[in-house]
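Asker: As a plain string of letters, each chain reads:
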Amino acid sequence: MEEIDLARVEAFIFAAEEPMPIKVISNAVDLNKRECRKCIDKLRKKYSKKEHGIILKEYDDKYIFKTKSQMASFISKYYEKEREFKLSSAALETLSIIAYKQPVTRSEIEEIRGVKAEKTLFTLSKYNLIKELGRKDSIGNPILYGTTDEFLEHFDITDLSELPPLEDGKNNKDKYSDNN
Amino acid sequence: MEYEIQAGDFQGPLDLLYKLVKKNQIEISEISLAKITEEYLYHIKKLNKFNLDQASEFMVLASELLEIKARLLLPNQNEEDDEDESDLVQRLEEYELFKNIAVELELYLDKAARTYRIPPEKELIKGEGKLNIDISLKEFKNLYQIALKANKEDNEEKEDPHYSEMDHINSDRLDVEEKRDDINKIVKRHPEGVRFKDLLYNKDDILEIVVTLLSLLELVRLRKVEIYQDKLFSEMKIIDRKQVV
Numbered sequence: 001m002e003e004i005d006l007a008r009v010e011a012f013i014f015a016a017e018e019p020m021p022i023k024v025i026s027n028a029v030d031l032n033k034r035e036c037r038k039c040i041d042k043l044r045k046k047y048s049k050k051e052h053g054i055i056l057k058e059y060d061d062k063y064i065f066k067t068k069s070q071m072a073s074f075i076s077k078y079y080e081k082e083r084e085f086k087l088s089s090a091a092l093e094t095l096s097i098i099a100y101k102q103p104v105t106r107s108e109i110e111e112i113r114g115v116k117a118e119k120t121l122f123t124l125s126k127y128n129l130i131k132e133l134g135r136k137d138s139i140g141n142p143i144l145y146g147t148t149d150e151f152l153e154h155f156d157i158t159d160l161s162e163l164p165p166l167e168d169g170k171n172n173k174d175k176y177s178d179n180n
Numbered sequence: 001m002e003y004e005i006q007a008g009d010f011q012g013p014l015d016l017l018y019k020l021v022k023k024n025q026i027e028i029s030e031i032s033l034a035k036i037t038e039e040y041l042y043h044i045k046k047l048n049k050f051n052l053d054q055a056s057e058f059m060v061l062a063s064e065l066l067e068i069k070a071r072l073l074l075p076n077q078n079e080e081d082d083e084d085e086s087d088l089v090q091r092l093e094e095y096e097l098f099k100n101i102a103v104e105l106e107l108y109l110d111k112a113a114r115t116y117r118i119p120p121e122k123e124l125i126k127g128e129g130k131l132n133i134d135i136s137l138k139e140f141k142n143l144y145q146i147a148l149k150a151n152k153e154d155n156e157e158k159e160d161p162h163y164s165e166m167d168h169i170n171s172d173r174l175d176v177e178e179k180r181d182d183i184n185k186i187v188k189r190h191p192e193g194v195r196f197k198d199l200l201y202n203k204d205d206i207l208e209i210v211v212t213l214l215s216l217l218e219l220v221r222l223r224k225v226e227i228y229q230d231k232l233f234s235e236m237k238i239i240d241r242k243q244v245v
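Line order of the protein sequences matches chains L and A. Per this note's numbering, the first sequence starts with residue 1, numbered consecutively. Per this note's numbering, the second sequence starts with residue 1, numbered consecutively.
Bound conformation, chain A alone (with noise of 0.2 angstroms):
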């Protein structure tokens, strides 16, 4: 997840300096950078492929690994000249500081994965897909007695002995265009309104519920007639446009 160019194995010039001076197994304030100038040097020519950004922060300590290389090479070394060098002997002491705290950092994140708490509770439906059930609990209650009733009703049913579990096979007896007709009469009949049950036959005809249905978003649809419902999930009343009107 985390991004950051490498070239090559080496996070940047001081760690690719720093690993050099590891590699050598010498004490930072014992090393003389000019001794691996070279080595600094062979490793950036390897290195293929890199963006400019990153090829200039790499030539930055090249150049100051350079310049104290040619400063011992010439003669007349004074003290200010070995400032350069200590400076650079200071910021790799400093990022060896950092890099060994980095490790400790990431024991202690280990172990603190090893500790656990209870999740935030989670909202079981999220957001704009929430359900606003607006009724009472004793209608809420209702409405679960008349689903066990339901159920039980199937259940007795089934215990019937003459009750086969095999699906009858029925001529294709219903089309939406044969009930719209059925409806909009019984509809007209009853000024008042009728039920969504009561326009079924056999309200356990899963096949009949869902003709009766698409044939009634078709008479919506044609204008003929128009649904109430109080609350979501009551009943739906079915009335005669004209009715309305």
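Chain L extracted, bound-state conformation (with noise of 0.2 angstroms):
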């Protein structure tokens, strides 16, 4: 690997609006993806450290530089960041259940919760959060509901599978009932 072809990725990157899927980065600074990856991966290694301030962040392959979440506390006071929207807990509750079943359907979700989802389903896709991933090979063609990149990156996860596994909720319960 050489130097420049790391300096090139880096730059790729750091100048990106929107995390960049490996195939555009590969493209963009004119490496086979193998190669880029072993820069992605030198640069990750370098960013972990200690002395940077700044990640090399993955969302399901794509990839953006963010500050450590270890420097917040100060750089929260200087630069005032607007989250974008802030979710009801039945938002979240049906966000989780897409998350784990997904693809799952309207109805699937309506079962679990007990209550319509037609308006809570309006909002996480306005919010980009949901998307339709096609229709169920079922009576009526039913909507099929998945998360988006967008999801991943506003909760921080990298691929789907490092969601919490599902029967955590279950040994927390003593944690969380009080929550309510």
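One should not assume that every hint holds.
[As the list claims (entries may be wrong)] Simulated crosslink set (PhoX-like; lysine-lysine; CA at most 20 angstroms straight-line): (1) L:Lys86 / A:Lys224; (2) A:Lys111 / L:Lys66; (3) A:Lys19 / L:Lys116; (4) L:Lys77 / L:Lys101; (5) L:Lys101 / L:Lys131; (6) L:Lys50 / A:Lys111; (7) A:Lys224 / A:Lys242; (8) L:Lys46 / L:Lys66; (9) A:Lys111 / L:Lys77; (10) L:Lys68 / A:Lys224.
[Claimed, not checked] So the derived label-pair ranges between C-beta atoms look like this: (11) A:Glu38 / L:Gly140: 51 to 57 angstroms; (12) A:Phe140 / L:Ile4: 35 to 41 angstroms; (13) A:Tyr228 / L:Glu17: 40 to 46 angstroms.
I should point out that these hints are in silico values taken from the structure, not numbers from a laboratory. Just so you know, even glycine gets a beta-carbon here, dropped at the ideal spot from N, CA and C.
Each of the two chains sits in its own frame; use the hints to bring them together as a complex.
Answerer: This is how it looks when you write it as structure tokens:
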């Protein structure tokens, strides 16, 4: 791996406004994907060191630089970060169901929560957290919902396999049950 | 921002049932749903002002609970009867699962909010308001130098010990009608056209500039003169309309 390649990959990701897919990066810097991944791995290791305040983040094989969360305490004093949305518990519950059960239909979600999901689904799509994955091959061909890449980024999850295991909820029941 | 009609403090029938179970501090799997049927019904009665959709959602579960309770009270219970209850218990358990996951996900969200990234570059002027300044860098530099010079002269004037910061009181010597006739005469004398600057006696007199511009606009409206400009911000050239035609 040449140093200049590393520099190019770094520069390209740095300049990106959105997480960049590996394919786009490798095209832009004229490297094949394998070499590109090597560069990314090296950069990731480099930035994970304590001496760096930024980190190379990955969301579903898309990459972007962000500040480390440990730095938030003083950054937040100067740069007001507008949280784009505040999710109600209804929206969070619906989102959880979609995240774990995707592809899932509206009626399947409603079955679990026992209430109509239409408005919540609308809100979640408005914030780009969920999308339509297609239609289910059953009566009425209902829409199938799934989570988006934006969902991963907003929740800072590398990919869906990083979601907390479903059993966790059960085990931590005592911890959370008083939150109601 | 999230909008979901809520009945009281409950997000739905399952939520109400779930909270009743929790309130009674019983494990879902151990609960006899029949026991909390009364309580469930009591809460439904308390919910006023709910719409039909919601009411029906709550009623469906109420009827399920009543059915379970009724079966329990009847003799000859067989295994099949238990199925309704275990089905509901299962639903409650699944509901709890996602309720807890939702809490956990919210922690993720909070943590994720602690990382910052470069915000997308914002366009200084958005969309239609964008100025398209079609001049070369050299021309731009010239304009800058002209502005700089004007400013310098202005400052020199101020450094003059005789210069007074006080505004002079002038008589109202300008009016649009008079100026209009003046311009008309000047323009007629110069068929090749005149510059806006040439129309001013004192180029630093803001009042005169304003009056001149108003007069000029009036003349354009009356179709006496035409104004040409090569480019945006370039000098205006005023030509007698008769010369144009």
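Asker: Failing hints, ascending?
Answerer: Of the numbered hints given earlier, those the structure breaks are 1, 4, 10 and 11, listed in rising order.
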